[in-house]
Amino acid sequence: MAPPRVLWIYPSLYLLSSLLLFHALSPCRALRNYPENEVTLLDSMSALADLGWEAYPNEGWEEISVMDERNTPMRTYQVCNVMEANQNNWLRTRHISREGAQRVYIEIKFTLRDCNSLPGVPGTCKETFNMYYYESNNANLWFIKESQYVKIDTIAADESFTQVDVGDRVMKLNTEVRDISNLSKKGFYLAFQDLGACIALVSVRVFYKKCPLTVLNLAQFPDTITGGDTALVEVHGMCVNSSEEFEAPKMYCSADGGWLVPIGRCVCKPGFEENKDVCQPCRPGTYKASATDAYCTKCPPHSSSSQEQAVECACEKGFYRAETDPRSMSCTRPPSAPENPISTVNETCVTLEWSPPRDTGGRGDITYSLHCRKCSGDGRKCMPCGGSVHFVPRQFGLSSATVLVTDLQPDSNYSFTVESQNGVSDLSPTPRGTVVINVTTSQTVSVVLKERRSKDSVTLAWQGPERPNGAIVEYEVIYYEKNQREQNYTVLKTRSNMMTVDGLKPGTTYVFRVRARTDGGYGSYGGEIELETSHEDVFAIGDPNQSTILAVSIAGGIVLLIFLVTCFVVSGRHCGYIKAKQDPDEEKMQFQHGRVKLPGSRTYIHPHTYEDPNQAVRDFAKEIDASNIRIERVIGAGEFGEVCSGRLRVQGKREIYVAIKSLKAGYSDKQRRDFLSEASIMGQFDHPNIIRLEGVVTRCKPVMIITEFMENGSLDTFLKKHDGQFTVIQLVGMLRGIASGMKYLSDMSYVHRDLAARNILVNSNLVCKVSDFGLSRVLEDDPEAAYTTRGGKIPIRWTAPEAIAYRKFTSASDVWSYGIVMWEVISYGERPYWEMSNQDVIKAIDEGYRLPAPMDCPVVLHQLMLDCWEKGRSDRPKFGQIVTILDKLIRNPASLRELANSSACELAKMGVNLAGHQKKILSSVQSLQTQGTHVQV
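Numbered according to mature numbering (1 follows the signal peptide of the UniProt record, and there is no 0), the sequence shown spans residues -30 to -1, 1 to 907.
Derived from the structure by calculation, the hints contain no laboratory data. In this text, all values refer to a predicted model and were calculated from it rather than measured experimentally. There's no promise every hint is true.
Unchecked claim - Straight-line C-alpha distance at most 20 Å; calculated EDC-like pairs for lysine to aspartate or glutamate:
#1 671 x 595
#2 778 x 837
#3 763 x 742
#4 121 x 84
#5 239 x 214
#6 156 x 105
#7 813 x 840
#8 592 x 742
#9 344 x 381
#10 763 x 644
#11 344 x 389
#12 142 x 129
#13 142 x 97
#14 713 x 837
#15 634 x 593
#16 142 x 77
#17 713 x 840
#18 841 x 826
#19 115 x 29
#20 690 x 826
#21 121 x 149
#22 634 x 742
#23 640 x 742
#24 634 x 656
Kindly produce the complete structure, drawing on both the sequences and the hints.
This is the structure in structure tokens:
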């Protein structure tokens, strides 16, 4: 190939590049800063030497060197054999390595002469040229057949020039970009075919796109070559300095070189915090214990950090942090000694009490342990009590400041050491705070018989203890007939050490026992003494007076016996305790808290019918040991306290997930009764669509109600999160479950009064369960949802008209509320009546307005809603009928295909007068539609 020519003078027809020398080429070279997401493989404008491309035939394309304004040579190729027919001029680049790119772009800048501006040229003049490529792993091919090339495109000029343009220096530079996809070999050759045009190739640039290196969410994503066509390339990021994966970071590189869809993230390691996509160490005086913590925080009280990068703060001298304490907790110290010890002796038992330590050390986990020693009379020698002494509830790890000690020996001295401790006591080298309580158990009373003279009395005398535990206040005498202690015994008290017991039966043996009481409590009973009263004279059979007395006595006894038996039978029947054998087919009736029950049925019992509300809890709710409950996280708040999720350990079974409602501290007795009333109600229900009560915790604080855990939360929130994601059959299945649960409640004569989607809970299997059985409804969190009447607050949008007007709550009013729930479910959690005020809702319903069918609502379901919203209570379906209707729809899905179309005409058919406030209703609904709300009108 001939060396390139340097142009200083413009030939008239042959040379085209002159048009661009000073006005086009120089700006092209000056603007060589390409976007950062483009990688250039070939740029003819940046060549410092000859391009050396292959041209054939030789008289075709020609390389021209042009001087720009700075006298810097620039290379370009041109061809203009327009005077000769049948042109086929090829120009081929050298081998271009694709560097792993699957898709490359070719940007060409060129000029093209208008054939009409060339005088005398034949009709074969062209104003286009072709561009081809050939893939190859060989970088030194010297010949490629024309048939081996793959055509990229035919290139036409948007702007062509004429001879006049040359004179006026009007520059017509064309730029075209084409791409090649799905490249797989090491590289390729580009080729340009001229078929008889007047062209100058000013610039050829070959490049591919990449997603440039970036840092996002503390993860670095490297330069990434885009994929072929429109495919996204998944790229995994590497966590930057001092960070670690929280969730595997990744992004997608798009075909145009942009990053899309960031997923996952890195977090700064303990001791570091994020600052502008880097992790910097925590400053002295701050710390970060966990990677999931966002920022370094100030050291808690009684701790400090003197260096950077602290993961926890060291405790000050004398303060400690237990292994289980969170790093954010203040350092604490052991408690001081218990105070104000008190002992109360009762025979060989003693009750020990004390006050909590004045200084708890800053902790709330105070416990107490007792150590017992038995001492000699002079107190000089003491020995451990051993295992014969028992402590109730236990000896070590007491949470309450009282304990009962039993099985002590009488007339003995004991020393009890009460030790207070908390979670850091084992970490402190100093002795624990203790208080000592010394106790002397009471001696027994020696009883001797002084006199026995009467057939109905005996006289006793006794000697008091030698060393009583304080001054003797009184003596207690108990006696009973021999072998009948469990049935009947009598207690007498006296301050003297002598007593005559009267009113005894003649000829009967009695057992007597005596004990002393001092200021410190009762002593132990003395040994049992058996005494027999003298025998009474026998009546003479022939004595008429005695016979009369005997007859009267016998008759009186018979009458008394009949009376007692009658009372017993009547009382037994009233209380339900008679267990007489009856015919199993005989219909029986039973009284229970004022209600009449037929056998085989269950009736709801209101907790307020109990004189003692605690008895209702004991009757219907299982008491759970608090140690079997593990609280894991807070999931909400109720009227009385927090609602948490956790696990319940059931003996012999695996742990189960539960929801835990706790009663907040500082509650009143009424609040406690109201809180536990929900458990008293819930515990009476056993149905798969009613929230199940697991039990209660009432014997320790906090008081808790434990129910099954519903993973998906309330129905209204769940539907809003999954708008449009369920089939109609799935929605009908949810409604069927709610109706089944309400049928069960209705059969038990329970009226819910607040049936709404917010009070329906959904588990992981999409089973819906009715909840919220509290007697005190939580409506204050939504002021618009409640309407205050004299009887309290009512959820207007869900409540039947008669319940609003007259507070007549029945199962029929629950059916009305169920119709609103149906509307909520089909509309995926829309607010009933939208933004209408409560007063507008009441007025509209009274004038016959009913909610229109939601979007995509089957006709049969909307008709069932309208049936539930009949004004007359007796005209509404029963829950049993609703369940039957929904079962038929589930078995026949074709019946759900016809969709309702709530138009203004249909609203009028439902009794809507579009005058007055009704127009305002319709305009409100239409306004909501224009805002994008799913409301069909």
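The hints, checked one at a time:
Distance hint between residue 671 and residue 595 is fulfilled; the C-alpha atoms sit about 11 Å from each other, no more than 20 Å. A hinted pair counts as satisfied when its Cα atoms are at most 20 Å apart, and residue 778 with residue 837 qualifies at roughly 19 Å. A C-alpha spacing of about 15 Å is found between residue 763 and residue 742, which places the hinted pair at or below 20 Å, so the restraint holds. The hinted pair formed by residue 121 and residue 84 fails the criterion: a straight-line CA distance of about 24 Å is larger than 20 Å.
About 6 Å separates the Cα atoms of residue 239 and residue 214, which keeps this hinted pair within 20 Å; it holds. About 8 Å separates the Cα atoms of residue 156 and residue 105, which keeps this hinted pair within 20 Å; it holds. A distance of roughly 16 Å separates the Cα atoms of residue 813 and residue 840; the hinted pair therefore holds under the 20 Å criterion. A C-alpha spacing of about 19 Å is found between residue 592 and residue 742, which places the hinted pair at or below 20 Å, so the restraint holds.
A hinted pair counts as satisfied when its Cα atoms are at most 20 Å apart, and residue 344 with residue 381 qualifies at roughly 11 Å. Between residue 763 and residue 644, the direct Cα distance comes to roughly 16 Å. Compliance with the 20 Å bound is thereby established for this hinted pair. Between residue 344 and residue 389, the direct Cα distance comes to roughly 18 Å. Compliance with the 20 Å bound is thereby established for this hinted pair. Restraint check for residue 142 and residue 129: the C-alpha separation of about 6 Å stays at or below 20 Å, so the hint holds.
Restraint check: the Cα-Cα separation between residue 142 and residue 97 comes to about 14 Å, which is no more than 20 Å; the hinted pair holds. Restraint check: the Cα-Cα separation between residue 713 and residue 837 comes to about 17 Å, which is no more than 20 Å; the hinted pair holds. This hinted pair checks out: residue 634 and residue 593 have alpha carbons roughly 19 Å apart, not beyond 20 Å. The hinted pair formed by residue 142 and residue 77 meets the criterion: a straight-line CA distance of about 16 Å does not exceed 20 Å.
With a CA separation close to 19 Å, the supplied pair residue 713 and residue 840 stays within the 20 Å bound. Taking the CA atoms of residue 841 and residue 826, the gap is near 26 Å; set against the 20 Å cutoff, the hint is violated. At most 20 Å may separate the alpha-carbon atoms for a hinted pair to count; residue 115 and residue 29 meet this at roughly 19 Å. In summary, the hint linking residue 690 to residue 826 is supported, as the alpha carbons are separated by about 16 Å, within the 20 Å threshold.
Taking the CA atoms of residue 121 and residue 149, the gap is about 11 Å. The hint holds against a cut of 20 Å. For the given pair, residue 634 sits about 18 Å from residue 742 by alpha-carbon distance, which is consistent with the 20 Å threshold. Between residue 640 and residue 742 the alpha-carbon distance is near 19 Å, which keeps this suggested pair within the 20 Å criterion. With a C-alpha separation of about 28 Å, the suggested pair residue 634 and residue 656 falls outside the 20 Å cut-off, and the hint is violated.
In this structure, the hints that do not hold are numbers 4, 18, 24, in rising order.
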